[in-house]
Amino acid sequence: MTWTAETVLALAPDPASAKAGRDLAVRRKWTTLGVSRTADGAPVLWGACQGSGKDPYLTRADTSEPAFKCSCPSRKFPCKHSLGLFLLFVQSPGEFTTSAPPDWVAEWLGSRTERAAKRAEREARAADADGDGTPADPAQAEKVAKQAAVRAAERERRVAAGIAELDLWLRDLVRQGLSTAATRPASSWETMAARLVDAQAPGAARLVRQMATIPASGDGWPERLLDRMARLHLLLEGYSRIDSLPPDLAADVRAGLGWTTPQETLLEREGVRDHWAIVGRRLTEDDRLRVQRTWFWGKETRRGALVLHFAPAGAVRSETKPIDPTFVPGTAFDGTLVFFQSAAPLRAIVKERTSAVDWPLGIGYADVSEAVAATANADARMPWLEGHPVFLRDSTPTTLRPAQVRDATGRVMPLSARFRDRWRLLAVSGGAPVPLFGEWDGEALTPLTVWGENGAVSLA
Amino acid sequence: MTHPTPDFAIWSAAVNSALLGTDRAPLAAPTADGALGTAYAALVRAESDAATNLLRVAAAAGAYQRCGRTPGRSQEAPPSPCPHDDRPTCTPAAGALLRRILQGEHESLLQTWLTLAARHDVRVPADALPAVLDVANKGPKLRHLVRATGGTRARWLAALNENWAFAISGDSPEALATTWETGTGMARHEALQLLRQLDPERARMLLETSWAQEDPDSRAFFVATLAFGLSLADEPFLERALDDRRKEVRQQAAGLLVRLPSSALAARMLDRARQLITLGTSAILQRPRIDVTPPAEADTSMIRDGVSPTPTAGSGVGEKSWVLAQVIGAVPPSTWSAAWSIDPAKLVRAADGHEWREALVAGWLIATERFHDAAWAQALWDNEAVARVEPKWGAPPLEHVFTRAAPPDVVDGALRREIDARQDALRGAHRVAVALLRWPNEWSDALSRVVAKRLKQHAGGDRVPFTSEFGMRALLERCAHAVSVSAADAFLDGWPEQSDVWSTWASAIDTLTSVLRFRLDLHLAFNDEPPA
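Residue numbers (the working numbering), protein chains in the order written: chain A, 1 to 460; chain B, 1 to 532.
If you are wondering where the hints come from, they were derived from the structure by calculation, not from laboratory data. Beta carbons are placed, not taken as given, at the ideal position from N, Cα and C, and that holds for glycine. Any given hint could be a false lead.
Ranges between beta-carbon positions, derived for each pair [claimed, not checked]:
1. Glu6/A / Glu390/B: 51 to 59 Å
2. Lys247/B / Gly218/A: 32 to 40 Å
3. Met186/B / Arg353/A: 34 to 42 Å
4. Arg302/A / Ser507/B: 54 to 62 Å
5. Asp219/A / Arg438/B: 55 to 63 Å
6. Thr98/A / Asp121/B: 25 to 33 Å
7. Thr38/B / Asp14/A: 35 to 43 Å
8. Asp219/A / Lys247/B: 30 to 38 Å
9. Ser369/A / Thr178/B: 54 to 62 Å
10. Ser507/B / Ala106/A: 27 to 35 Å
11. Thr38/B / Ser369/A: 41 to 49 Å
12. Thr467/B / Arg115/A: 17 to 25 Å
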């Protein structure tokens, strides 16, 4: 990709680092500045920056990934020196002397290449064990395959035990009445969730944790809780006769309980090539995980797609910093997405980004009725969908409360009570119809992006 | 959302049963029509327990509902759209910088951003308006700039959020008058102030009409707004305010009347002053001699005219000197130089060694600032040894008087020459350093460069650690905002980094250059020509 000051600064772990990095992007801060090229032409940068200590900090950056290393003691990553070095290069590449990397840079590059080679070797071996290549040692491969099969069977057994327990727990709750749920301590949900994690059914665990917050969520909570419990029950019933389900739906059940599909397996599948518009991005964080949800919309395929990125929670104290900053809402690319197997495919990974393209005009739903019909259709095929992509070409945010958006026919979608950025939404729309993208949960819309006279505006 | 009625009953029955518990309230679903009614029989199975059956029914009924929902229709009229704005928004680069400022990077440059936007007649981008309006809500100083750059969108938004009401007023005298009559607190004060600038007569009449009902605490604020567009037409009202019960109101009114040369109060003060000092000629050297007739105690008529009768307790200032200073301070200083056809500088020097020097100088300082007399400002500045008095005299400091009363190019030139000539001009309490801090104007290219040269000398050759430089942090902070963008290069490079004291200076200079680089970016983003 082509790096700009904005995309470099988006790598900063917090605003303070961004500012410090910007202040270090000055020639006089650096005693040496050098650049060389990797085999595929990406610049590798290095520099020595005089800090408060006796010895200058030695900073290096490989812009292909990008990857950084700095001798400073900062625990932030990338540190301000790395950002400053990269930023200075983007702003004034002429300040960098082209030469062969000095030893301290070459060593780092060498260790990285070595690690990459080891990783590739490991992956190749794993692929051979899957029977995709010619195994070097058939006996060894057979052994590996056997071990994998044993592990898989063991997991099935544990999941089955875990969900049997969950089934009993759900039925107890229904027998005693949901009114008792409101008085249960938070730990009773957490205990059940933890047992499901032990039983290697993290998907089910997540659903139980989500239910824990419902009794305190205000009016209509019994309906919402029963709806969640019923859907979870459906997942359990589905698993109990998974062999009789259509393959796509069976995949949904397994994904819902927590089986994952390895990235490598997905990448081998055929993808969907289109002009993909990046229509929204949302960052969520709980005490375990930060999740970046990036939403795409295909120009010809006329469908939404969701790509998830994960990072451990707490590593970076910033709610706004994206995990992968290279997907910028309001931009589009020609490329290929591979969808996870599902009865209503939505989640995907990006297989290839061929080139940036102009924003595809005219994408999205014509009105609220079309959006609701499309999401209902997906719901009917796949009952465990949690958030639907809704892109309305012309929607008018209303100025009254409770907040809504309306289309030209007067049909409305209420906005989520948790949506905080209503004033910015109104400011951008100015009371006129604007393109709007959001997540629709069946009851309320959480706007993520609105388009105004100056292009896409991300909402919080 | 609307639901098909017969099927909906199944969901309601499931919720009721689940809420109470199937042990106490087993699911008794009504017979229902439609697909769900038909499915119901298959969902409730004899081999399953009541709880399982309920969950199974709920799963089907929930999905059935979700999929069958139709969107609601609004009963309200659509919002009235914001009127079109002919002015363009700022460049994307300028918008990006504004968002960075609003996220906390160089917050102090928001005013600079808005000033540039106003100068180039471009709008704040719509998505940044709520944050800009919030800042201006907390800091009234920026409001006129926000009104100038917010466009129709800011007013449209402000109509929906009462915190932003300030963005609407300023539209028309009628709107301001309405705000004055129906608004509260600060909004009224601001409306009056703005109306005063558009239609001074109308503003005063509004104030007179409601005067009797106004809260005594607010009256002094309201009277002070008459400083804008002050004219003789305000005199009768201000004269009446001299008899107000509140001291603050009386003082404000007197302070304004003094500034009206043809007012009765100004004439009374001039009379008093003329009785106190006269000009003679000294026998020796033909020097002008100021003869002072010490005033009696301030009488009630003087007190009514705003003279405060007693100095601050314990200041050691005599009552007669105190009254003398105030009376002179209420008379344009040009009175003396014109009436006696004498250069202000000569008069200032005539006060040297005078028995009443401090009272005379304090009076002149007060008057020079009050009447913005450039010639007197220069004369006082040039004769610092005579023209400085202690704060207890109640006069503004010399640096303040000079930078407020002398024309900007005169201030700029004087400061520049003095920095050039004096090693220590930027150090500590030197009057140049103090004047630079107090002067709100942007510095010329030449002045900025002289300051840079001097600072580099301090940070290097002088070998004084930054921590020993009293007041330097404040001066650098002022530099960052006041130096001409055209001279930024003089600050960005060429610091004496080899000096053994440099490490103590480095972080403060980094802060300075960081702000300056951002200012350069701002000017580039607005395609602004640096001032020549």
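Which hints from the list above does the structure break, by number from lowest to highest? Violated hints (numbers, rising): 2, 3, 6, 7, 8, 9, 11 and 12; every other hint is consistent with the structure.
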